[in-house]
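First to last, the sequence lines map onto chains U and L.
If you read the first sequence in numbering that gives the first Met the number 0, its first letter stands for residue 0, the second for the next number, and so on.
If you read the second sequence in numbering that gives the first Met the number 0, its first letter stands for residue 0, the second for the next number, and so on.
Certain hints may be false.
To be verified - Straight-line Cα separation of at most 30 Å, BS3-like style, residue types lysine-lysine; simulated pairs: (1) U:Lys116 <-> L:Lys144; (2) U:Lys194 <-> U:Lys149; (3) U:Lys115 <-> L:Lys144; (4) L:Lys605 <-> L:Lys530; (5) U:Lys194 <-> U:Lys67; (6) L:Lys217 <-> U:Lys67; (7) U:Lys85 <-> U:Lys115; (8) U:Lys162 <-> U:Lys194; (9) L:Lys500 <-> L:Lys530.
Keep in mind the hints are simulated off the structure, nothing from the lab.
One letter stands for each residue in the lines below.
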Amino acid sequence: MKPTRVSILLLMSGMLALGTAPPAGDTAVALISKVILDVMRMQVGKDWQPAQRGEVLASGERVRTGEKSVAVIKFKDNSMLRVREKSEVMIAGVQEGNAFSKSAEVQRGVIGFHIKKQQPGEEFRFTSPTSVASIRGTSGQFTATDSTDKLIVLEGLVRLTNKVSTQSVDVGAGYTGLSRRDGSVQMRPSTPEEKQAAEASAQIAEQENRLDIELDDGKGNKKRIEIKYKQQ
Amino acid sequence: MSIAVCERGGRVSTGIRALLLACCFALPSPTLAQLSSLVASISPTEAVSETPLTISVDLYRGETVERVYFLYRRFGEGTWNRREMDLRGNTAFILVPPAVVQPPYLEYYLVLAKRSGGLESHPLSESTDPLERPPTRTLQIPVIKREDDLQLVFLSPEANATYDPADVVVSISLLRADTMVVRRATQIILDGRDVSRDAVLTGDLLVYVPSNHGLSLKPGRHRVTVLLYNRQGNLHRQASMQFYVASEPEPLALPFQPFVYTGSVDLESRNEKVSNIRTWYNRGSARFSGSQGDWRFNANVFVTSDELPSRQPQNRYYASLESQWLLIGYGDSYPGYPNLILSGKRVRGLNTSLRLGKFNVDLTLGQTTRAVEGALVKTIPVDQLGIEQQADPFAAYARIDSVTWGKYTYGTYARDIFIVRPSFGSGEKYQIGFTWLKAKDDVRSITFGTRPQENLVVGTDLVSKFDMNRIELSAQAAFSAYNSDISSGNFTDAYIDSVYKKDAAAIKDARDLLKNFITVNDNLRPLSFKKLSTFAYDVGLALNYFDNAFKASYIHRGSDYMSFGQTFLRTDVAGFNLMDRLRLPEQNMFVTLSYERLHDNTSKVKAATTRFTTVNVALTYDPPPELPSISIGYAHFANVNNMTITGPDSISAVNDKTNRYYLHAMQRFTYGAHHVASVTMATSFRNDFTRRNLDVKNIAISATLNTRYAVPLQTTLGYTLNVNEFPSPGGSPRTRLNYSTVLAYGRYSFAQDIAALSVSFSPTFGDFSRFTFDYAAQWNVRPNMYLLLQYSYFHNKGTPNDDFWSLKYRLEY
Chain U
0 MKPTRVSILL
10 LMSGMLALGT
20 APPAGDTAVA
30 LISKVILDVM
40 RMQVGKDWQP
50 AQRGEVLASG
60 ERVRTGEKSV
70 AVIKFKDNSM
80 LRVREKSEVM
90 IAGVQEGNAF
100 SKSAEVQRGV
110 IGFHIKKQQP
120 GEEFRFTSPT
130 SVASIRGTSG
140 QFTATDSTDK
150 LIVLEGLVRL
160 TNKVSTQSVD
170 VGAGYTGLSR
180 RDGSVQMRPS
190 TPEEKQAAEA
200 SAQIAEQENR
210 LDIELDDGKG
220 NKKRIEIKYK
230 QQ
Chain L
0 MSIAVCERGG
10 RVSTGIRALL
20 LACCFALPSP
30 TLAQLSSLVA
40 SISPTEAVSE
50 TPLTISVDLY
60 RGETVERVYF
70 LYRRFGEGTW
80 NRREMDLRGN
90 TAFILVPPAV
100 VQPPYLEYYL
110 VLAKRSGGLE
120 SHPLSESTDP
130 LERPPTRTLQ
140 IPVIKREDDL
150 QLVFLSPEAN
160 ATYDPADVVV
170 SISLLRADTM
180 VVRRATQIIL
190 DGRDVSRDAV
200 LTGDLLVYVP
210 SNHGLSLKPG
220 RHRVTVLLYN
230 RQGNLHRQAS
240 MQFYVASEPE
250 PLALPFQPFV
260 YTGSVDLESR
270 NEKVSNIRTW
280 YNRGSARFSG
290 SQGDWRFNAN
300 VFVTSDELPS
310 RQPQNRYYAS
320 LESQWLLIGY
330 GDSYPGYPNL
340 ILSGKRVRGL
350 NTSLRLGKFN
360 VDLTLGQTTR
370 AVEGALVKTI
380 PVDQLGIEQQ
390 ADPFAAYARI
400 DSVTWGKYTY
410 GTYARDIFIV
420 RPSFGSGEKY
430 QIGFTWLKAK
440 DDVRSITFGT
450 RPQENLVVGT
460 DLVSKFDMNR
470 IELSAQAAFS
480 AYNSDISSGN
490 FTDAYIDSVY
500 KKDAAAIKDA
510 RDLLKNFITV
520 NDNLRPLSFK
530 KLSTFAYDVG
540 LALNYFDNAF
550 KASYIHRGSD
560 YMSFGQTFLR
570 TDVAGFNLMD
580 RLRLPEQNMF
590 VTLSYERLHD
600 NTSKVKAATT
610 RFTTVNVALT
620 YDPPPELPSI
630 SIGYAHFANV
640 NNMTITGPDS
650 ISAVNDKTNR
660 YYLHAMQRFT
670 YGAHHVASVT
680 MATSFRNDFT
690 RRNLDVKNIA
700 ISATLNTRYA
710 VPLQTTLGYT
720 LNVNEFPSPG
730 GSPRTRLNYS
740 TVLAYGRYSF
750 AQDIAALSVS
760 FSPTFGDFSR
770 FTFDYAAQWN
780 VRPNMYLLLQ
790 YSYFHNKGTP
800 NDDFWSLKYR
810 LEY
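Isolated chain U, as found in the complex (with noise of 0.2 Å):
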């Protein structure tokens, strides 16, 4: 072989060692983007753990709250959930080409939601051991008890079915699907307290809420107070 030769492909060898190694595969479907107290995280074939902002999670993990804690769930697609006290949730995914369908099922508590919109072949799902509903992009507040599921819907359509008697409903704005054990589905028009609840659960900020009050105590001197609050 022609010293050129060998020296074009001693180079090319050189080149080519340069690289670093793969990385790992993908299974990450979510991120924890928000904790607030007793929030644990419970990865498949482990135990529960305390759960850290900025965790990524991988489908079939759970998620669960403590009294007063709560945490924030955004999926790949931006949609968000958010895990209210005492609630627990295991998320799911799978991706097939360009679509990315997800669920929540949640064992119980109170679940509020902000889903983007889905695009075609995409959907998101909260499912509980007594009901299926389907989301195409809307926001809310999806409520697991023992007996009774609670969806309220503040925006868009979602289908509510109940896994007992496969009845649906569809619930749309304003409303809101009740699914029960007994199999029995129905909706009625959400009352104020409900959409407020619903409101406060799906709202989409993560940041905390400020209010800057000035005082003045009619001598010219001011004093300002900052209050910090945080919506449960």
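Position chain L relative to chain U; hints supplied.
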């Protein structure tokens, strides 16, 4: 490589875009519906509004091209803006400023100046001077609104949200990013600091937690910027997010910031056969970027075997040191100043910027052209010199030795430029700036040159924003002095006394004052200050209320205005432009309307004034995914002067109208595989009512089906029909040029995209006939390294066949 439907696409739903772009950005395939023999592809095929847009053009035979011009106009503008692209080997780049990138699309075309001297446009033009007369059919890059772009999604933080310092998480989802995006090359810039090294990439999620790396963010506003790069190393997307940190953090000392760096190396060896001549080209480039704390160092270099002393520089280099308040760079750069004065011009030299907020200074010092000596074209025996000079009196002659003289072409002077702009205000609420530009040809830089020139421009600019930036007022003005030949130097006293007898004293006083700034002689403009023919100004008012973006602007550019930093500015034009973009979210519609009325003859020295009227209407319907997205558009251009179209003045008459219609529909569906089907129709009819009768007709229809199968196979099938009719030179019968092109393209990847093969066939039938074949094999040796082998073959009718092959290597670190 792009295909016609990508170039002409309107606004499409984001899901469709992702798949379509994946197909468009796949391995090389020929452009569909384009006859240009030089342009292989243009990317990107889509832009995001109000973000910088880097357009790159891949050429088939870059060595045959001396310059590439990018001519563009925003929707609603009638005037074409021209900028020179940065040509590096086979690829030409240009950075389009954010203000130009506005929905629904950016209209453009290319003009390639060949080394042989001719001009060729892309798409092809019926005119021999496409710089002045654009082709009937132009190209469009669809511009989507920022909020509709899903390629780069911020999961956290949220825009303008307030966080506790310890709660800040930066997370980006690349779920919808194009397949050609190199995810691990994504850069995260937090407050000007490159923190990419500390970010964790898990699948499509990129996460950076500042406090995990000892970074405590101060209270106040912060900005995070994310940059995506494609496999060619070009910037694919850029997005920024602003957020706030609330309370005072614990007083922590900033930890030591290690020096972090990224970089890339590209090598290419290329063999081309053009007109039966085989040529080798070898090119290489390297980029390095490092940061420590608040400081960043950037450097890049490009070297090519095309670099010759007889050409303007083909090699490029640049190095800079910068922070949030200071930039010092040296090498080839494209500094940004008010666009009346300097824009899109390559300057080789020093580029600096001091940004303190309330006070800032930008300064650039260097050369826009380097000296290229005239070439010896002929040796002449001394006894035949007189005969030769009589035959060609305008050439340059010089003695070689005692018995021989040489005949030379004229060379190019080195052109030195100095520009400085002090400004006050950061620009977030207001900024006022003052600019001084001085440029001069170095008469000593070459021996054989003609008409060295000199230029002086002074200007001011202002931007002011109110009501949370919903009202924006902008203005700029510039005054130029231009000397078209300084070879004779300043007026002498004797010359003034002999020629300007009446005003000799006044002219001498003026000369003595002005010669400190510019050479004063007969070639200086302006000649007087009465008509202000070298004055130019722009004024604009933008209002953003109720899902409405309205902008009114007025421009005036004097007939003799000249800036060596902006040599492509259209001069001798004045008038107004009104544009309104209306969003109807309930109806999933987006409407854009514009009206522009300009006129020339600003100095009132022409026999007639021509008025240029432009009307544009565009409607985009972006329904739920089950229905096709549709864009329709109409444009009307009318150019009229007051000369009669009959009689003796008719030769100067201008009276033509052009109507353009545009329709684009796209639908995604699943039938055995994922498909994206699109249809585009564009027509242009120009009626010339003068005696010249320069009517032009163009109809272009294209249909494309992009398919992605369950196996890692992507295919594209396309068909385009072009029907053209335009005037023939010399008054002969009108020329018809009808042709159709078929494209079949496939790309198959192996072992999770470790290797990929692509093949395309593209025959063209009709009045123009050609067959092209492309083959490419890419081996992604590592996630940060690939080898690409490419072969292209052109079967030409009536001329020799051409081909080329190239081997590319890219490494990122």
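Structure-based check of each hint:
Distance hint between Lys116 (chain U) and Lys144 (chain L) is fulfilled; the C-alpha atoms sit about 16 Å from each other, no more than 30 Å. Restraint check for Lys194 (chain U) and Lys149 (chain U): the C-alpha separation of about 12 Å stays at or below 30 Å, so the hint holds. Of the pairs offered as hints, the one joining Lys115 (chain U) and Lys144 (chain L) holds, with about 17 Å between alpha carbons and a cut-off of 30 Å not exceeded. Taken as a hint, the Lys605 (chain L) and Lys530 (chain L) pair is honoured in the structure, with Cα atoms around 14 Å apart against an allowance of 30 Å.
Only pairs whose Cα atoms come within 30 Å are accepted, and Lys194 (chain U) paired with Lys67 (chain U) is accepted, the gap being roughly 21 Å. The straight-line distance between the Cα atoms of Lys217 (chain L) and Lys67 (chain U) is roughly 29 Å, inside the 30 Å bound, and the hint therefore holds. Distance check on the hinted pair: Lys85 (chain U) and Lys115 (chain U) sit about 25 Å apart at the alpha-carbon level, within 30 Å; holds. Simply put, Lys162 (chain U) and Lys194 (chain U) have alpha-carbon atoms about 25 Å apart, close enough for the 30 Å limit, and the pair holds.
Among the hinted pairs, Lys500 (chain L) with Lys530 (chain L) is consistent with the structure: their alpha-carbon atoms are about 24 Å apart, no more than 30 Å.
Against the hints set out earlier in the document, no violation occurs for any number.
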